[in-house]
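Chemist: The primary structure of each chain is shown beneath.
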Amino acid sequence: MSFALAVTNVSLIRDGRPRQTVLDGVSFMVPKGQIVSLIGQNGAGKTTLLKIIAGLLSPSRGSITINSPRIGFMPEQPGFLPAVTAWQWLVLTGGLLNLNRSESKHQADLWLRRVGLHTARHQPIGRLSKGMRQRLAFAQAALGDPQLLLLDEPLDGLDPIGRQDLKGLILAARDNGTTVILCSHILSDIDELSDRLGVIDHGQLKFFGDTASFRADNDLERSFVNFINPQHV
Amino acid sequence: MFKMRWWRPPLSLAGLIALSAWQSRGLLGGAILGVVAGLSARFFATASLGQDARVMIDLLLAITTIGSLAIGWLIATNLAAAEQERGAGLLLASKPLTAGQYAVGRWLGIVVGSALIYIISALVGCLIASLGQQMPLAELSLSWLTSGGELLVLAALANLLACWTTSSLASFLTLALWFIGHSIDVLVMSSGWQFLGYILPNLNRFNLHETYVTATGLPGTFYVLTGVYALSWSVVLVVLASAALKKRTW
Amino acid sequence: MVGGRGLLIAAACWALAGTSLYATNWQVAAARSTADIRQIPPLEPPSAASIKALSLGFTRAAADVAWLQTIQYFGGGNPNERYSALTALINTVVKLDPDFEYPYQFGGIILPLQGDYEDALKLLDAGIARFPNNGLLPYYAGAIARIDLNDSRRAAVYFQQAARTPGAPAAATLLAGVSLTDLDDRQIALAWWNGIIETSSDTTIRDRAIVWRDHLETVLALETLIIKINAASGLPINNLQDLVTRGLLPEVPKSPLGWPLVLNTATGRVELLR
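Residue numbers (the numbering used here), protein chains in the order written: chain A, 1 to 233; chain B, 1 to 250; chain C, 1 to 274.
One or more hints might be untrue.
Said to hold, decoys possible - Straight line, CA to CA, 35 Å or less: simulated DSBU-like cross-link-like pairs of lysine-lysine:
| no. | chain 1 | residue 1 | chain 2 | residue 2 |
| --- | --- | --- | --- | --- |
| 1 | A | Lys130 | B | Lys246 |
| 2 | A | Lys130 | A | Lys105 |
| 3 | B | Lys246 | A | Lys105 |
| 4 | A | Lys130 | B | Lys247 |
| 5 | A | Lys130 | A | Lys206 |
| 6 | B | Lys247 | A | Lys206 |
| 7 | A | Lys105 | B | Lys247 |
| 8 | B | Lys247 | A | Lys32 |
| 9 | B | Lys246 | A | Lys206 |
| 10 | B | Lys246 | A | Lys32 |
| 11 | A | Lys32 | A | Lys130 |
Calculated directly from the structure, the hints in this document are not laboratory data. Since the model is a prediction, treat every value here as computed from it, not as a measurement.
Construct the complete structure from the given sequences, taking the supplied hints into account.
Modeler: Here you go:
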């Protein structure tokens, strides 16, 4: 099969008063080696869908088929144990991925260099800036070369140079055959990175296809606003 | 489950939590407190200060052992349970760990994280008690070592509670259950309720000092069986924690 | 690890835990039944001040525990040994709870038996101050002063106090008088005996007081006579026989108490020869 991920009729209903439908019958297939972006308004269900794919949430209905043996996940607000250093965190994350010690150290060294944290590797994470922690979160997601990368707002909090560097890493991962699914509000970055686009509105997938065909002649932001709220035109 | 492949992830998780505990100032503070209190007690034990000093020795001994031990696993539990609150749990849970591996790893992290303080307080406590010549040092050390089983059970309890509550509440609930666990023997003594002493965790079994004072010539198997008791209850509680973690949503 | 296999493992470990606990309890019980009683080191109780500080306000409960410790120490000990910690233990109890009456009496009886007279008296003094209506406490104190310390002055004070306090043995009245009789001031003693004779409703006490009064009057009369003769003549009276020899008395007088009398030339006092 050439698809990395198949989401079939996934719904998530949260119990409560009233019951809340977070996702409603979402279906799409992601080819291998592509960057797919999910966009939508706040609370549309993007992060929830990412978490379902990552296995952190179970859908109320539907199924997820993943053809990638290893998944890397970067949450929107990455948290760490602040007293641990970046080096220690990545080496032990390698252990969580069942890499042996030498391989863990090699991967930790590699990714710390790639995300530009090699000089700060022995600092406690609590002392790193937001941008540095964001880069560390990307590094721990990419550790072990996963076949599927799930990134929730990966460029949030980064300075322009940092964003450029991380975009480069995402593109490099795609070029290496990794499938990337990312959520972002920065539509200019989405436009730059994505091969395909999914638009989620009130828990439903309203569009899934080529980024260029969604954009048409407009810029992506205008296209998105027009799509979500036609009266806004 | 018995292959290294199964154990590597939980050991790595344990390493993360333990490192976080050791490298945080709070645990270091607890260790310093334990050492200072212990050394102070040693000073009182050797100085000829009279009867009141003896009371202070006992009090400081209690502070050294119980206090520093409590600080140790309170901090470690707090750190372990706070991973959900701090968001580190999302990163950890997204790794290919089963709920069981996660529960085992977190439990081991609490044990190892708080073991440092336990070891310090145990060494100091043994030294003080042997200076008072209440027990031979070798037997005292063995009883302290076996009392470490209590740490295993409490860590498992804290691990289980941390699945449902905030880190602080889990820590304090565990502290309360610590006292209750030592009172199970009272229930055992009451007629008709003796079975409770066997089906609930009886932490008084680890009060080997009390046992040693009144019963001599305990066989080596006693210490082995006490260790088995600790491990058995730890496994029960870790299994319950893994069941709770499986149901948890992120 | 969760699911059927996990539950099976948990159940097996639960059963193992219960079994190992049962086994260890059995081992402890067996060890206790066969082992020698572990030598308890000599008891050195902490001070009442430190216990009071540590009892966090529950000083009466602490006193109860200290009292239990005291009676277990006394009750379980070797009767050939001195109870060296007994004074400290009792003092701890009464300092923690000064209103606990019985330890004062207990200490007043037991401590003199092992020679701790002054300790006993200190304890009884504290008890007397706290319980002025307990006649036993000054009575015991008087007994210690008179019998053990041979101190008639202190005995007299204690016995007088006891005689005035309800609950004291009837003999306190007599013992007060006897102790006063040993002292220098005969008039005070005489007044005490006359007082008993006039006020006592107990005929045994009264009869005894009469005898002691008569003894005292006899002694007073003899001493007065000896003082007069010694002042008048240059030849002092060395013994009571001299009074007979010089024709002043027909015979050496006997005390109404039944014992012969003897002159103590050092003090000039006529005393009983027991």
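Chemist: Run every hint past the structure and note whether it holds.
Modeler: Verification of the hints:
Restraint check: the Cα-Cα separation between Lys130 of chain A and Lys246 of chain B comes to about 31 Å, which is no more than 35 Å; the hinted pair holds. About 24 Å separates the Cα atoms of Lys130 of chain A and Lys105 of chain A, which keeps this hinted pair within 35 Å; it holds. A C-alpha spacing of about 30 Å is found between Lys246 of chain B and Lys105 of chain A, which places the hinted pair at or below 35 Å, so the restraint holds. The hinted pair formed by Lys130 of chain A and Lys247 of chain B meets the criterion: a straight-line CA distance of about 31 Å does not exceed 35 Å.
With a CA separation close to 33 Å, the supplied pair Lys130 of chain A and Lys206 of chain A stays within the 35 Å bound. For the proposed pair Lys247 of chain B and Lys206 of chain A, the alpha carbon gap of about 31 Å is at most 35 Å, so the pair holds. Our distance criterion of 35 Å between C-alpha atoms is met by Lys105 of chain A and Lys247 of chain B, whose separation comes to about 33 Å. A C-alpha spacing of about 31 Å is found between Lys247 of chain B and Lys32 of chain A, which places the hinted pair at or below 35 Å, so the restraint holds.
Restraint check for Lys246 of chain B and Lys206 of chain A: the C-alpha separation of about 32 Å stays at or below 35 Å, so the hint holds. For the proposed pair Lys246 of chain B and Lys32 of chain A, the alpha carbon gap of about 30 Å is at most 35 Å, so the pair holds. This hinted pair checks out: Lys32 of chain A and Lys130 of chain A have alpha carbons roughly 31 Å apart, not beyond 35 Å.
Violated hints: none; the structure is consistent with every hint.
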